[in-house]
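Number of protein chains: 2
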Amino acid sequence: MDCGVALPGVQVAYQTYGALNAARSNAILICHALTGDQHVANVNPVTGKEGWWEIMVGPGLPIDTDRFFVVCANVLGGCLGTTGPASTNPETGRPYGLDLPVVTIRDMVNAQARLADALGIESWFNVIGGSMGGMQVLQWAASYPERVFSAIPIATAARHSSQNIAFGEVGRQAVMADPAWAGGRYLDAGLVPEKGLSVARMAAHITYLSDAALHQKFGRRYQDRAAPTFSFDADFQIESYLRHQGSTFVRRFDANSYLYLTRAMDYFDLAADHGGSLARAFQGVKTRFCVISFTSDWLFPTAESRAVVHALNASGAPVSFCEIETDKGHDAFLLDVPDLFSTTRGFLDSAARARGLP
Amino acid sequence: MDCGVALPGVQVAYQTYGALNAARSNAILICHALTGDQHVANVNPVTGKEGWWEIMVGPGLPIDTDRFFVVCANVLGGCLGTTGPASTNPETGRPYGLDLPVVTIRDMVNAQARLADALGIESWFNVIGGSMGGMQVLQWAASYPERVFSAIPIATAARHSSQNIAFGEVGRQAVMADPAWAGGRYLDAGLVPEKGLSVARMAAHITYLSDAALHQKFGRRYQDRAAPTFSFDADFQIESYLRHQGSTFVRRFDANSYLYLTRAMDYFDLAADHGGSLARAFQGVKTRFCVISFTSDWLFPTAESRAVVHALNASGAPVSFCEIETDKGHDAFLLDVPDLFSTTRGFLDSAARARGLP
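Chains A and B, in that order, give the protein sequences.
For the first sequence, numbering that gives the first Met the number 0 assigns the number 0 to the initial residue and increments by one for each residue that follows.
For the second sequence, numbering that gives the first Met the number 0 assigns the number 0 to the initial residue and increments by one for each residue that follows.
These are computed hints drawn from the structure, not numbers from a lab.
Backbone N, C-alpha and C fix where the C-beta goes; we use that ideal spot for every residue, glycine too.
It is possible that part of the hints are untrue.
EDC-like, lysine to aspartate or glutamate: derived pairs with alpha carbons at most 20 Å apart [claimed, not checked]:
| id | chain 1 | residue 1 | chain 2 | residue 2 |
| --- | --- | --- | --- | --- |
| 1 | B | Lys216 | B | Asp326 |
| 2 | A | Lys216 | B | Asp268 |
| 3 | A | Lys285 | A | Glu121 |
| 4 | A | Lys285 | A | Glu145 |
| 5 | B | Lys216 | A | Asp268 |
On the chain A side, residues computed to face chain B include the following (Cβ under 10 Å) [what the hints assert, rightly or not]:
| id | residue |
| --- | --- |
| 6 | Gly167 |
| 7 | Val169 |
| 8 | Ala173 |
| 9 | Leu213 |
| 10 | Ile237 |
| 11 | Glu238 |
| 12 | Arg262 |
| 13 | Pro300 |
| 14 | Glu324 |
The shape of chain A in the complex, shown without the other chains:
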């Protein structure tokens, strides 16, 4: 791992959709975001809800499972089957908790590379993902350029900004402030730091939406009442919505995983890993890129994507850039945004022709 230690017996949980062709040339790796998981296009066994990208992945959809073999793995440090802080530490027989070494985006990608080896996939036709998933896409191209034929980093950045580190730190402090967190040993103690994790999720959730989207969706409308109660109840719809986001999240996500994954994003800085030059990170890369950003995304604003595009241009890599007009904010990559679908479909079609796929 990047921190210098070896992590023995790592397990990677993954889902696949569609069929790998004989040439093993039609495989797409989807990299999930902070609170995502491997259940892209099937019912999630934890929540009972449909997969998080059903709108994008399936027969006839932009990531067409009739044409492509689609793989998605839970990230290292996650909590849905891949080794993470809630996994059993073989040395102690107890959950790792904070004894799990701190994970980086590169560690996640290295784990995915072992999975690719195990699946016999020498080279991905495409690696795609949004937000933290987009960081993995960029890291894949930098670490294993010969194994990535094409790449679609969405709503992401080559390094976490100061503001984003700040939001990450607020979330972690909220979790760690909860006495039920118990120094990270809550599983041993039979506790769940629900309140802290809920506050972390609420704060983060605001950053996933845009001011305009919040205004349209909730405005200053009251929740199930005609007038304010002059109390600290959830008078406003936005308050009720956020509380719901917080309480449903704690039922499906491990608090320590939240610490590890936000930390991985904070540490991500592709240029710093290459002597301060982002172009050098992509030197000699032949991967075809389609970089996508959203106009109302203030967590990963277009300027971050533009920096990636400039670096790819400087390194001579083939790159298309598409800034999509939408008021849906950072979350747009998960939502019904027709321009996202048509861009993804068009780029994958063109890349498939270049790779001789039917």
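Knowing the structure of chain A, use the given hints to seat chain B on it.
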């Protein structure tokens, strides 16, 4: 109060600077923001630090205490001497806690109006304030137009946006998630909800700065180390800074006051109080306005100030509007922003001439 109950025995703590002239026509009321207080231009007795607007208020400064009689009062619901949740409830002999009725911006202004009566000030030469202070400025002009000769609302809005309510709710949930909050009865229990209030402050503090300011001030620089520690320590300067902001804040601010004042901002909606028309809130108002916003303020963006200006135009009130170019974010109203000083000085000069002040 707006919630329909009477609050007996209200105390208002205030500071004054300069001298009231014989005509009682040179008084300026400064309205403080969420975490401000009445100690505008003197050493704060709680923190031992200088006043929060020393840069703006004093002899020869834009709010010139050689010319003007300056008053600033701690808001109703505050924690520096004015009646608030930490004050003693005369009915029980214990701190109010959540038994204090919920306070609105109008309640704050009404308390200030009683102070003006007590000071013999029939009409303020000027009412000025930023953020929550600006809300009070707008409320003053709407509630007591004949008592406000001129007004300078800075970095504010005529209603709290959905996004801002969301951030308010996150802060409140962080406080209330702390077991030491004890249902608001922490003072009786000899506790302080330090961790919760600290998280609330950290989250809020991010919204006071701009992405650009954070990038310039902290970037991704490490705190007292050359490389990441691969831990959850405050590796980054921004993390260390935020933790410091949190820990110093809890020493000077009451957690329940934080709940009450953020709630007051959430409830603020001047148009809703006037049949949905902001222009109607200012109907017949003769107060001269100078509305000020900052380009990089995303908490109270310029669009909010523009809505106020449009309403003032529609109501026929005299208004100047100044959007100041700065990367300092919402906090700009507290910082060394020369255009803010020159605008304030120029507007006050012109208003003083109109009022026949020397």
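Hint check:
no. : hint                : in the structure
1   : B:Lys216 - B:Asp326 : 11 Å, holds
2   : A:Lys216 - B:Asp268 : 18 Å, holds
3   : A:Lys285 - A:Glu121 : 15 Å, holds
4   : A:Lys285 - A:Glu145 : 8 Å, holds
5   : B:Lys216 - A:Asp268 : 18 Å, holds
6   : Gly167              : 8 Å, holds
7   : Val169              : 5 Å, holds
8   : Ala173              : 5 Å, holds
9   : Leu213              : 4 Å, holds
10  : Ile237              : 5 Å, holds
11  : Glu238              : 5 Å, holds
12  : Arg262              : 7 Å, holds
13  : Pro300              : 8 Å, holds
14  : Glu324              : 18 Å, violated
Violated hint: 14 only; the structure is consistent with all others.
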